[in-house]
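Chains as they are written, first to last, in this note's numbering: chain Z, 40 to 195; chain U, 5 to 99; chain V, 8 to 125; chain Y, 364 to 888.
For the record, the hints were derived by calculation from the structure and aren't laboratory data.
Beta carbons: idealized from backbone N, C-alpha and C, even for Gly.
Check before you lean on any hint, since a few could be wrong.
[As the list claims (entries may be wrong)] Distance ranges between label pairs, derived from CB positions: (1) Y:Phe404 to Z:Asn153: 50 to 56 Å; (2) Y:Lys817 to V:Pro17: 44 to 50 Å; (3) Y:Gly825 to U:Met90: 33 to 39 Å; (4) Z:Val91 to Y:Gly395: 54 to 60 Å; (5) Y:Phe404 to Z:His150: 38 to 44 Å; (6) Z:Asp51 to V:Lys40: 55 to 61 Å; (7) Z:Phe53 to Y:Ala839: 54 to 60 Å; (8) Y:Asp443 to Z:Arg101: 52 to 58 Å; (9) Y:Asp705 to Z:Gly151: 39 to 45 Å; (10) U:Arg88 to Y:Leu824: 26 to 32 Å; (11) U:Leu10 to V:Gly64: 43 to 49 Å.
[Claimed, not checked] List of simulated lysine to aspartate or glutamate pairs, EDC-like, C-alpha gap at most 16 Å: (12) U:Lys89 to Y:Asp676; (13) V:Lys119 to Y:Asp676; (14) V:Lys40 to V:Asp116; (15) U:Lys89 to V:Asp118; (16) U:Lys89 to Y:Asp876; (17) Y:Lys482 to U:Asp28; (18) Y:Lys675 to V:Asp116; (19) V:Lys110 to Y:Asp676; (20) U:Lys91 to Y:Asp676; (21) V:Lys111 to Y:Asp532; (22) V:Lys121 to Y:Asp876; (23) U:Lys91 to Y:Asp876; (24) Z:Lys44 to Z:Asp97; (25) V:Lys15 to U:Glu92; (26) Y:Lys817 to Y:Asp707; (27) V:Lys110 to Y:Asp533; (28) V:Lys111 to Y:Asp676; (29) Y:Lys397 to V:Asp116; (30) V:Lys121 to Y:Asp533; (31) Y:Lys714 to Y:Asp876; (32) Y:Lys752 to Y:Asp876; (33) V:Lys15 to V:Asp118; (34) Z:Lys108 to Z:Asp97.
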Amino acid sequence: MKMTKIVRTTADVFYPFCLVFGLYVVIHGHLTPGGGFQGGAVMATGAALLIVAHAYTDVTRRIRKTALKILEAIGLMMFLFAGLSGILFERPFMGNWMALTGKLFGTPVAHGPNPGDLNTAGLLPLLNLGVGIEVLGGLTIILLYMLSGIKEEKQP
Amino acid sequence: MMKIALYATILLVLFGGLTYIVADLPFGAPPVSDMDDYFIRNGQEQTGANNIVTSIVFDFRGFDTLGEATVLFTAVLGVGMMFRKMKEGEEYEND
Amino acid sequence: MTTELLLKLPYFTVVVLTLLGLAAMIFKRNLIKILMGLSLMESAVNLFLVATGYRTGGVAPIFTNAPSPHMTLPTVQALTLTSIVIGVATSAMMLSFAMVIYKKYGTVDADKVKKLKG
Amino acid sequence: MMDTFVMRHLPALLIAVPLFAAFLMPLVGSLGPKVRSAWVFLGALATAAVGLALAGKVLATGTVLYVFGAAIPQQTLPPDAAFPIRIMFQVDALSALMVVIASLSSLGIAIYSLAAESKQSGLETFYAMLFLLIAGVLGMVATGDLFNFFVFLEISSLAGAALVAYRVDDGVAVEAGLKYALLSTVGALAVLTAIGILFAQYNALNLASLANRLQFTALDQVALVLLVVPLAMKCGAVPMHFWTPDTYATAPSSVTAFLVVSSQASLYGLFRILFTLYGHLVQFSWATFGWFLIVLGVLSMFVGVTMAIPQKDVKRLMAYHAVSQTGYMLLGVGVGLAVLGDADALAQYGKTAMAGGLFHVINHAMYKGLLFLTAGAVFYRAGTRNLNKLGGLGHDMPWTMVFFMIGALAIAGVPPFNGFASKLLIYESVFRFSPFLSIVAMLVSILTLASFVKVFHAMFLGPRRAEFAAVREVPAPMLAGMALLAVFVVVAGLAPQPFVDHLIVPAVDAVIDRAGYVAAILGGR
């Protein structure tokens, strides 16, 4: 069920922008509306776009499920170890020890509206990134599995 | 036909009840909002994030989000489990 | 009563959505339509959660270039975020169950999917 | 240094260890069956060790509090506010009892499944799901936050539904899994609506601060119904028990044994809602709550047994017995709740009734798990669950027969085993409350014995059958798993007193002591 040449090329052109926008939503999770889950879902729609445009077998050759499983495991491990790292700094599990320490992601923020500075919110950007990667891998795997029915219709 | 009439009446009764119940809830002016005001007041100082919802999701109630990522991981495993290649004779024909 | 109801339109929509979802789950026989009714009810509950946190004239609780300090309740929005992801996860898994049932039984009609002895 | 470090963060490790084992399972699993079995065994051992250590710490030093993300783990209230804002684990004696149940049975089941599921495909997914189910149940029983309880309820429902559908069985298991998932999701939606109603009025999610602010308005009664009905459905009480036989029969046996524990976690949630959240509402008399549980219990007992007798499929029969045994627990705790009002009746028999009910929770988890594992062993060797086709297995499977006898005698309440200990407590106290209920309970116990004698005869006695010539005893890990549960059944039966004094009576006090639960959070600095 391959689309015409035009659709396939525009999909290829649009796919990187879709990923970049999703990554933007993930990275700016603590400043603008969005975060790990929403950004990951946007990135997963990029994969859906490719599956719709190209034939299912071409897509599974380029986006393999084992790579996605590893991606998902990395995201989950990032989240779990960010939580466990709280314990190393005498904070309980999931403690945000990086906030307001002045170092990486640590600049303190005063109360009230401000233009927003990326280098804030301690552990939150890392957790956002971890969840974003996990949702990207997870949703893409679900898409690939559930759309595996496409190639079956082609045979008869 | 009788079954549909029965279900329709149940739905209508439910409609009346739910509307009456929901009418009690004030809209637009939550009666108590001390916890949320605390988050809005101290969210930025304590977590350093401008987006208070994200500071709640990942810092104040971060443990829920760990549970949530686990739910998504369970769903992915569940879908993968349903489409796995089964070995010969693995399924038990229910007699 | 009616004017008061119109003021509480979101709650009224929640009731209508819940009943639509429930009706779909009860009357429809196709498994996929039952799952659609279920996700309809899920969105109704999410709408109810967000609606309880609204403050008239309130702005989204984000301080980046925030127009006014009067903001809506953020906790409820965090709960709704979790509930939406759980809704996606359950729908994805139940749809894959329905696909396997279609592959094995050849039908998705709830009345025929009855090999289980009650 | 090591033990104080681990001891201080026990509640966090209680969930982090099974999750860690589950997240890495797909990767570790691909390294081969040996590595995977070792990883499963290590994960189950670590989870059980953390669970038992936490329960020991709670029984030694009282309620353990753990706030996620605060400056120090025990800081329940933020410095400048009078209400809790973070998620916290509040493990009191009742939660400790449930953690002990989950740890013991998860260890036994993980060892059992190492051999029982060896012929299946997609095993790393199976074990990852099993660890997620264990983490979901442990989270449900340890958390002190209502929304966190909903999230863990959702995890255990999803993981349970996927495990039920694991064998696919030509579509039958997937159908049971879909029905279980549908029911659990609708139930979870009702719980979420109740949380929304309570949060809209009181702006609090923590159980203790909610219990402190609750005024029992019309909306609170709606929220109570929306909380109690799904939890009663999830723990298999009668009016909504229809999913139990299908789910328990089609799931792999090691999963069924843990689904019993997961439904008991919903029972714990029911008790937590009734006793802690709505416990102080004097004008709504306790008798009405109590009688609600008693009626639910008696119905479950009676319908469960009468439906169980004509069953042909072994696991479906045992599933109906699970429904009837849940009735005992509801009866015991219901009598305790009904007399919570007047102190002398409570002192006389109310506390012993609740002690009997809670002791029956742990006993039931052990001997029902044992019975399901023996049914799995028979299925592993004989390949069928139909009683008419089975017969004469006693000759070749002696150990499984012994374990089945221990489980069957325990469920029927025959003296030397733990079933008798808890049922005796229930009979005594319920008799003083109202003799009729106690007689019904005894009658149901006799019917249970009759039904299990029939099953024992059908499965193990009789001549050796030709088609079961190749049947041998089950491999060692399955025997070890069954032995672990059987040891508890025998020890708790022969010497119930230490269990009752150190584990059950503190749990009963914790359930009744609602003010202590609230003070631990709001009072403590």
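Structure-based check of all given hints:
Between Y:Phe404 and Z:Asn153 the Cβ separation comes to about 53 Å, which falls inside the hinted range of 50 to 56 Å. Checking the proposed 44 to 50 Å range against Y:Lys817 and V:Pro17 shows it is violated: the Cβ atoms sit about 58 Å from each other. Distance hint check for Y:Gly825 and U:Met90: the Cβ-Cβ separation is about 34 Å, which falls inside the suggested range of 33 to 39 Å. At roughly 38 Å, the beta-carbon separation of Z:Val91 and Y:Gly395 lies outside the given 54 to 60 Å, and the hint is violated.
For Y:Phe404 and Z:His150, the hinted distance range of 38 to 44 Å is not satisfied, since their beta carbons lie about 52 Å from each other. Separated by about 36 Å at the C-beta atoms, Z:Asp51 and V:Lys40 break the suggested range of 55 to 61 Å. In this structure the supplied range 54 to 60 Å holds for Z:Phe53 paired with Y:Ala839, their Cβ-Cβ distance being about 58 Å. About 54 Å separates the C-beta atoms of Y:Asp443 and Z:Arg101, a value consistent with the hinted range of 52 to 58 Å.
At roughly 57 Å, the beta-carbon separation of Y:Asp705 and Z:Gly151 lies outside the given 39 to 45 Å, and the hint is violated. Restraint check, U:Arg88 to Y:Leu824: a C-beta distance of roughly 40 Å breaks the suggested window 26 to 32 Å. Take U:Leu10 and V:Gly64: their Cβ atoms lie about 45 Å apart, and the range 43 to 49 Å holds. A C-alpha spacing of about 28 Å is found between U:Lys89 and Y:Asp676, which places the hinted pair above 16 Å, so the restraint is violated.
Restraint check for V:Lys119 and Y:Asp676: not satisfied, since their Cα atoms lie roughly 22 Å apart, outside the 16 Å limit. The straight-line distance between the Cα atoms of V:Lys40 and V:Asp116 is roughly 10 Å, inside the 16 Å bound, and the hint therefore holds. Restraint check for U:Lys89 and V:Asp118: the C-alpha separation of about 28 Å exceeds 16 Å, so the hint is violated. At roughly 53 Å between alpha-carbon atoms, U:Lys89 and Y:Asp876 are farther apart than 16 Å, so this suggested pair is violated.
Restraint check for Y:Lys482 and U:Asp28: not satisfied, since their Cα atoms lie roughly 57 Å apart, outside the 16 Å limit. A hinted pair counts as satisfied when its Cα atoms are at most 16 Å apart, and Y:Lys675 with V:Asp116 does not qualify at roughly 27 Å. For the hint linking V:Lys110 to Y:Asp676, the alpha-carbon distance of about 26 Å lies beyond 16 Å, and the restraint is violated. At roughly 25 Å between alpha-carbon atoms, U:Lys91 and Y:Asp676 are farther apart than 16 Å, so this suggested pair is violated.
Taking the CA atoms of V:Lys111 and Y:Asp532, the gap is near 9 Å; set against the 16 Å cutoff, the hint holds. Between the alpha carbons of V:Lys121 and Y:Asp876 the distance comes to roughly 47 Å, so the proposed pair goes past 16 Å and is violated. Our distance criterion of 16 Å between C-alpha atoms is broken by U:Lys91 and Y:Asp876, whose separation comes to about 54 Å. A threshold of 16 Å between alpha carbons decides the hint, and for Z:Lys44 with Z:Asp97 the separation of about 14 Å falls inside it, so the pair holds.
Restraint check for V:Lys15 and U:Glu92: the C-alpha separation of about 59 Å exceeds 16 Å, so the hint is violated. A C-alpha spacing of about 44 Å is found between Y:Lys817 and Y:Asp707, which places the hinted pair above 16 Å, so the restraint is violated. Simply put, V:Lys110 and Y:Asp533 have alpha-carbon atoms about 10 Å apart, close enough for the 16 Å limit, and the pair holds. For the hint pairing V:Lys111 with Y:Asp676, the CA-to-CA distance comes to about 22 Å; that exceeds 16 Å, so the pair is violated.
Distance check on the hinted pair: Y:Lys397 and V:Asp116 sit about 43 Å apart at the alpha-carbon level, beyond 16 Å; violated. Under the criterion of a C-alpha separation no larger than 16 Å, the hint pairing V:Lys121 with Y:Asp533 is consistent with the structure, at around 13 Å. Distance check on the hinted pair: Y:Lys714 and Y:Asp876 sit about 12 Å apart at the alpha-carbon level, within 16 Å; holds. With a CA separation close to 52 Å, the supplied pair Y:Lys752 and Y:Asp876 exceeds the 16 Å bound.
Taking the CA atoms of V:Lys15 and V:Asp118, the gap is about 39 Å. The hint is violated against a cut of 16 Å. Between Z:Lys108 and Z:Asp97, the direct Cα distance comes to roughly 19 Å. Violation of the 16 Å bound is thereby established for this hinted pair.
Comparing the model with each numbered hint stated earlier shows that hints 2, 4, 5, 6, 9, 10, 12, 13, 15, 16, 17, 18, 19, 20, 22, 23, 25, 26, 28, 29, 32, 33 and 34 do not hold.
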